[in-house]
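Student: Quick note, the sequences are listed as chains A and B, same order.
Sequence positions in the first sequence follow the working numbering and run 1 to 618.
Sequence positions in the second sequence follow the working numbering and run 1 to 89.
These aren't lab readings, by the way, just hints derived from the structure by calculation.
Be aware that a few hints might be false.
[Unchecked claim] Which residues of chain B face chain A? A partial, calculated answer using Cβ under 8 Å:
{"#": "1", "residue": "Arg20"}
{"#": "2", "residue": "Ser35"}
{"#": "3", "residue": "Ala46"}
{"#": "4", "residue": "His54"}
{"#": "5", "residue": "Leu58"}
{"#": "6", "residue": "Asp62"}
{"#": "7", "residue": "Arg72"}
{"#": "8", "residue": "Ile73"}
{"#": "9", "residue": "Leu77"}
{"#": "10", "residue": "His79"}
[What the hints assert, rightly or not] These stretches of chain A come out as covered by chain B in the derived footprint (C-beta under 8 Å, 3 or more residues):
{"#": "11", "stretch": "60-71"}
{"#": "12", "stretch": "79-85"}
{"#": "13", "stretch": "308-315"}
Where is the CB? At the ideal position from N, CA and C, for every residue including glycine.
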Amino acid sequence: MTARPLVALIGNPNAGKTSLFNALTGARQKVGNYPGVTVERHAGHLQLPHLGEVDLVDLPGSYSLTPASPDEEVARNVLLGTQAGEKRPDALIIVVDAGNLAQHLRFVFELRALGIPTIVALNMVDMAQRDGLTLDATALESAIDLPVISTVAVRRRGVEEIKAKLDELLAADTPAWAGFADMSLDERTVSARRAAKQAVVHESATRDVTRRIDAVLLHPIAGFLILLAILFVIFQSVFSLAEAPIGWIEAAIAALGDGVKGALAPSILRDLLTEGVIAGVGAVVAFLPQIVILFFFILLLEATGYMARAAFLMDGLMARLGLSGRGFIPLLSSFACAVPGIMATRAIADPKDRLVTILIAPLMTCSARLPVYAVIISAFIPARQVAPAIGLQGLVLFGLYLMGILGAMGAAFCLRRTVARGGTSHLLMEMPRYQWPRTRDILIALLQRAWIFLRRAGTIIFTTTVILWVLLSFPRVGSGSAESQIEHSIGGRIASGIEYVVRPIGFNHDIAIALLPAMAAREVAVSALATAYAIDTPDEAQMSGQLASHLGTRWSLATALAFLVWFVFAPQCISTIAITRRETNSWKWPAFMVGYLFVLAYVAAGATYWTAVAFGLG
Amino acid sequence: MARNMRDSPLNLAALPVGARAHITHVDWDSIDATSARRLRELGLDAGVDVEALHRGSLFARDPMAVRVGRMRIILRLVHAAAFHLEPST
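The shape of chain B in the complex, shown without the other chains (with noise of 0.2 Å):
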């Protein structure tokens, strides 16, 4: 899986069960125009609250379900991990 660690020490891919973070910034460049398009028209962007609500199945850790606002959003992993994270205040 992508970890994309280089200027920030957590992103959502990462982020445990049940914790939440703030996003700082995005990688909109690593996602292709659509998807980018529909996390932003989804309310995923910087300057939210995120908080990891489920991981995967049986099968794999793959994929997420976050919760923004009261959005709750299903997406990969290779899609989470261009959103940086810092702790929630």
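This is chain A alone, in the form it adopts within the complex (with noise of 0.2 Å):
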């Protein structure tokens, strides 16, 4: 731990709290976990004009210091100083919505008796005008007895104050801030109430411009077309978008591929980085595009405040489920990637509710899925018009996003019956004022995301790729030999064993030897095919335009289907099987999704094969 004073940014949920961190500390963040759990640190650091820099980290945003939440309890033990990987904080900046004061500043009085020393921002303070407010800082200062500070985070307005009044109270060594009594909620909640009336010196009338557009947006019918209208254009957006994206990617790794093919001179390392490593991780990383483009939508709806009435409107069908709308926002971002999505799932309260929503989650298209499906179904399902702009490969496309979101109703139906029975769902929580979204915080918060997936990709991915590589690889086959190297190698003969229990539903040698990899992480089963016909056919590129003639000309249509539907349901990906592990804290609930998914990703591709089959498709 470092001796530099560390201050904590700390707050109701909706205070602004991320877009005063980004305003404090720029661009330059760390994010990480802390230890033994999944609740995200962002860190960064401050520049004091007198002190010099000092750490400063964005806790998760809480109600109260009674957590309902993993989240909420982590705030609360760093608070306390009882925190893994963290010093208590020396000063404490509490963020307060200047426009909900009587709410935002319960909590304020609880944090007092910390006994920290404590500035007050008394933030978006525009948005407060806008909704007819007069504030007086002065006379809140007087009241609640801190330090208050005005600021409007997104015009870093109020930053160098805060950096000043820190420099004073990070010098001075203050008993004073011993002096806070406990009081209790009711007593808080009074005592917020009479400070937030002496705070506001004038309220007027105005149009809210909340309950204008929530007319619109919440409206029993129209309200759940538009959101239905909303996830259409996310969905397009995320493929039409990404492609010329994706283009430039494939085509900047096939040329590194060359390049590197030209430099060296042909050896087993040399192989190695071309056919593994750059065609492994290439084809993973081709997929950024998507991502970035995904998490755009999904961190826009939540900037603006869309997505609690996303809740809203979902609720009603996720209660026949037996889930609630809260499970909405996590089964979304399932879309891009389940282990954020399982990760959102802490904001569920009931135990039963989100252990449920955890073990679909999975069950959502998410997109370490798309390589696949693009590459097989480009392969084999012709490009042809069904309809004015309606193509038959989005057809099938569309019809397996639909496969997932219907087995994950089914499979939340039966669960909440059995495994999981018991427990009621509840709905509760904030619905905050819209907000234009800074375009500062939202890029920012993607910056973030792209550059995780990243890590994953030079990571975890890497290792696989590469692991692949040397099993498909050794021993060598000797020339002249009538066996393939793939079919030589150690790869082989395992993938040999797992053919034997995958030759019933039509998976073919191709597919077992990609099944194995696949295991840490779906799009691999696309660099392990591109990686096996890379290895036996070195000659040629391998890049998925390649990569799709060859599987035509090997697989049946049936095999090619059954394949799809497999990846619809498998649990291949080391990470979510992880991720569950932490959140349920147990081997006992991965374990049971892992076996429930492959029984049912066997069942429908077995399915799927024997019906093509009876089609005369074999």
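Can you join these two chains into the complex? Each is in its own frame, and there are hints to help.
Tutor: So, in structure tokens, the structure goes:
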């Protein structure tokens, strides 16, 4: 631990805390995890005029020190000095929404009693003015007995004042901070209302923008249709906008592969670099654009305040499955990746409700399946229009998404009546005001997501690709042997064992080879097929275009369809299993999840294969 | 839906959209402790005024959205039924 002072940012959700954090630290932030839990830790540095550099940490938004979620528990533990991996903060910046003081000050009265030197950032004063509130920061200061600084985080207003005040607080030994008494929840509520009343000089009736927007967006019928339209636009964008950048990335990777091939003399090392690393990792990095686009929309919906509305609209439907509207957000995130999706289930209060949401999250078609779907669909489904503006390939893709969603609904319905019976799902959440999203905040969050994805590609996917390459390349087949390199290799022999099990559902030897490494991450199936064919046919480029035509000649349509359906259900992602283990704190539930999904995948793929064969597609 | 009308003519679950009322008392015992605490931390408690804003969507009348002070809160009707109301003055 550093000896540098630590300043913590804390406040209710929707206080504009992250904006203020971004304004204070800039884009250079460190995102990690607190040890042993999956709560994200956002930290940065802050340059003070006198004291120099101090550490700043953005604590999870909380309503009180009585935690209702793992995030709130981490926030409380840090503030009490009991959180592993974090020292007790030397100073606090409590962020409050100027437009909702009676609510936000309740937490201030609780935090005040901790005895940590504190600044209150009266944030979003511009929004409060828009809502017709005239506030007196000095009156608030005397009402709560803490220094108050008015801020508009998005315009960096108040940032210098906060720095100056922190200098003052951290320099002085101020025993006065120990003087605030503990208050009960009722006392805090009463004090917060009184203080808010003193701080609000004037309150005029203005048009309530949020109310007007909600009249449309939360309309029982129109609101629901708008939600569906928004989802449609998101998925359209994920595919259409990503097409061009994916092409650039693939071209760059192909050029890199050729460059390395030209620069090095033929050797095992060159093969490892071109066939293993560049072909394998490249196939995964190529769908970064889709991840970025999907996260962009999710961040946008969160920043505007629409996510709470989506939860509200979906709750009626989710309740029938025994879930809550809160589960909608994690499940929507799972379309990007089940890992952040499962982490987002922490907002669900009821443990059984949360468990089922975790168990069905892998059924949402994550972006890691896209490369698999894309290769198979382009190889086997003709690019033909079935109706104006509706292509057959897109329709098949849509069908695969739908199959995952229906599977998830069925699974939730069954699980809630069997293994996760009982408990009542709740929905209890704040519905924030609508806000104009801040480009800067969204860009920072987007960069963080992209970086986390690339880090994953650079570690887990890199490692498995290299291991696979080794398994498939050794022992070397003798020249002149009739056996191919793959069949002769260790991996080929393991795959023959897998093949024995998956043969009845129409899977061939190639697929058996791809399934093994795809346990690490689904998208590796593509790089595995690419690596496998690159090893077998060393003179050919191994990019997906060639891969698709290669597959078209080697697989039957029935096999290809079964392979697609397998990937709708199969729990092939080490990260998801690991996160489930951490979030459920047991091996029982990840084991259950893997088991039920594999059974589902086997049965569904088998049914697809046998049906297709019966129709003469075998 | 639980229509608890023991000692009050109206509870929050039955408050029509657009109507305002005053919370007279709350059956905290009918709500699990964690939810009860969170409701109070969000400002829903005896002695405050509430307004019903929205109710359900295509599929159900549940949940509802209410306004307390400057807060908007989404809750299910099972919880709302614990809040007993009288017409606001």
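Student: All hints, please: hold or fail.
Tutor: Hint by hint, here is what the structure shows:
Using the Cβ-Cβ criterion of 8 Å, the hint placing B/Arg20 at the interface with chain A is not satisfied: the shortest such distance is roughly 14 Å. Taking 8 Å as the C-beta contact cut-off toward chain A, the hint placing B/Ser35 at the interface holds, the least distance being around 6 Å. Interface hint at B/Ala46: violated, since its Cβ lies 10 Å from the closest Cβ of chain A, which is beyond the 8 Å cut-off. Below 8 Å, beta-carbon pairs count as interface contacts, and B/His54 has one with chain A at about 5 Å; its hint therefore holds.
A hinted interface residue such as B/Leu58 counts as satisfied when its beta carbon comes closer than 8 Å to some beta carbon of chain A; here the least separation is about 5 Å, so the hint holds. Interface hint at B/Asp62: satisfied, since its Cβ lies 6 Å from the closest Cβ of chain A, which is below the 8 Å cut-off. Here the hint on B/Arg72 is kept, as its CB sits about 4 Å from the closest CB of chain A, short of 8 Å. Checking B/Ile73 against chain A by beta carbon gives a least distance of about 6 Å; that is within 8 Å, so the hint holds.
Because the smallest distance between the Cβ of B/Leu77 and any Cβ of chain A comes to about 10 Å, over 8 Å, the interface hint for this residue is violated. Look at B/His79: its Cβ gets to within about 7 Å of chain A, closer than 8 Å, so that hint holds up. Using a Cβ-Cβ cut-off of 8 Å, 4 residues of the stretch 60-71 of chain A lie near chain B, which meets the minimum of three, so the contact claim holds. Under the rule that three or more residues need a Cβ within less than 8 Å of chain B, the assignment of the stretch 79-85 of chain A is violated, with 0 such residues.
Closer than 8 Å: that is the beta-carbon criterion, and the stretch 308-315 of chain A has 6 residues meeting it against chain B, so the requirement of 3 holds.
Comparing the model with each numbered hint stated earlier shows that hints 1, 3, 9, 12 do not hold.
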